[in-house]
Amino acid sequence: MKYLNTILLTGFAVLSYSATAATVDWSKLPPAAKTEGVTFEKDIQPLLKESCVRCHGADRPKAQLRLDSLAGVLKGTKKGAVLTAGDSAGSLLVKAVSQLDPESAMPPKPRARRGPGGPGGTNAPAMPPREGGPGGAPEGDHGAGGPPPGGGDGNRPPGGPRNFGPPAKPLTFEQVGLVRAWIDQGAK
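The opening residue of the sequence shown carries number 1 in the numbering used here; numbering runs sequentially from there.
Treat each hint with caution, since some may be false.
Unchecked claim - Below, a list of computed lysine to any residue pairs in the SDA-like style, where the Cα atoms sit at most 25 Å apart: (1) K49 - R111; (2) K62 - K75; (3) K62 - P166; (4) K49 - G90; (5) K49 - K79; (6) K62 - S27; (7) K49 - P166; (8) K49 - R60; (9) K28 - P108; (10) K42 - V24; (11) K49 - T84; (12) K28 - P110; (13) K79 - R60; (14) K34 - P166; (15) K49 - P110; (16) K78 - A58; (17) K49 - Q185; (18) K62 - K34; (19) K28 - G186; (20) K28 - A105; (21) K169 - E103.
Unchecked claim - Here are the in silico distance ranges between beta carbons for each label pair: (22) D59 - G186: 16 to 22 Å; (23) A85 - Q64: 29 to 35 Å; (24) P102 - E36: 18 to 24 Å; (25) G37 - P102: 32 to 38 Å; (26) R60 - K28: 28 to 34 Å; (27) T23 - A168: 22 to 28 Å; (28) G37 - K109: 21 to 27 Å; (29) K42 - K78: 18 to 24 Å; (30) E50 - K75: 19 to 25 Å; (31) P110 - A58: 22 to 28 Å; (32) A63 - E174: 25 to 31 Å.
FYI, nobody ran anything at the bench for these hints, they're computed from the structure.
Heads up, the beta-carbon is just placed ideally off N, CA and C, and yes, glycines get one too.
Required output: the full structure, derived from the provided sequences and hints.
Here it is in structure tokens:
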């Protein structure tokens, strides 16, 4: 019975994904910008740094995709290329940043927070502070929410990227057009 349920659920997931993918109207992609001489360093890197590098940078690139360098963009993901120079309309990168398909939209829409009052949350009281070491803080603890001496949080260098804060902003219609122009002009 479990085997049958697994097959049915997998088949349903594939069908619903196919139905979603089939309903995306890719003709609504923003047109390529008319700007000539678009380069990665001058025009595209600042856009990707603002919206994409938090998740696709040097520290822990999701899907092994690095968008912080031209070489990283051209290399693509662990599954292959995200663009073909000269074909922006067929580019996975353009389709993702266009946000036309909610399944592949990048950056993804923020998820609902879990916790009290949120999905799957509880109304359980907060855990009491830990005790131990001098001043009540366990050995190695740096106090109430403060960083360790010298900056940083112990897991990354001071001033390094953080995985929290406001969500990344999606590229605008005009910015997607600029990415298209860059790809159509050879992705250099």
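We went through each hint and held it up to the structure:
1. K49 - R111: Judged against 25 Å, a Cα distance of about 22 Å means the pair holds.
2. K62 - K75: At roughly 14 Å apart (the allowed maximum being 25 Å), K75 and K62 satisfy the hint.
3. K62 - P166: Within the cut-off at roughly 18 Å; holds.
4. K49 - G90: Holds - the C-alpha atoms of G90 and K49 are around 23 Å apart, at most 25 Å.
5. K49 - K79: This hinted pair holds, its Cα atoms lying about 22 Å apart.
6. K62 - S27: Given pair K62, S27 is violated - Cα atoms ~28 Å apart, limit 25 Å.
7. K49 - P166: Holds, at roughly 15 Å.
8. K49 - R60: holds (15 Å)
9. K28 - P108: holds (19 Å)
10. K42 - V24: Roughly 31 Å separates the two Cα atoms, so the pair is violated.
11. K49 - T84: Judged against 25 Å, a Cα distance of about 21 Å means the pair holds.
12. K28 - P110: Given that 25 Å is the threshold and the Cα spacing comes to 23 Å, the pair holds.
13. K79 - R60: holds (17 Å)
14. K34 - P166: Not satisfied, since the Cα-Cα distance of roughly 32 Å exceeds 25 Å.
15. K49 - P110: holds (19 Å)
16. K78 - A58: holds (15 Å)
17. K49 - Q185: holds (21 Å)
18. K62 - K34: Cα-Cα ~32 Å, so violated.
19. K28 - G186: With a Cα-Cα distance of about 22 Å, the restraint between K28 and G186 holds, given a limit of 25 Å.
20. K28 - A105: holds (14 Å)
21. K169 - E103: Since the Cα atoms of K169 and E103 sit roughly 17 Å apart, the hinted pair holds (cutoff 25 Å).
22. D59 - G186: 16 to 22 Å: With a Cβ separation near 29 Å, D59 and G186 fall outside 16 to 22 Å, so the hint is violated.
23. A85 - Q64: 29 to 35 Å: Roughly 20 Å apart at Cβ, these two residues miss the hinted range, so it is violated.
24. P102 - E36: 18 to 24 Å: Since the Cβ atoms of P102 and E36 sit about 33 Å apart, the hinted range of 18 to 24 Å is violated.
25. G37 - P102: 32 to 38 Å: Check passed, 34 Å falls within 32 to 38 Å.
26. R60 - K28: 28 to 34 Å: holds (33 Å)
27. T23 - A168: 22 to 28 Å: holds (26 Å)
28. G37 - K109: 21 to 27 Å: violated (34 Å)
29. K42 - K78: 18 to 24 Å: violated (29 Å)
30. E50 - K75: 19 to 25 Å: holds (21 Å)
31. P110 - A58: 22 to 28 Å: The hint (22 to 28 Å, Cβ to Cβ) holds, given that P110 and A58 are roughly 24 Å apart.
32. A63 - E174: 25 to 31 Å: holds (26 Å)
Hints 6, 10, 14, 18, 22, 23, 24, 28 and 29, counting from the list given before, are not met by this structure.
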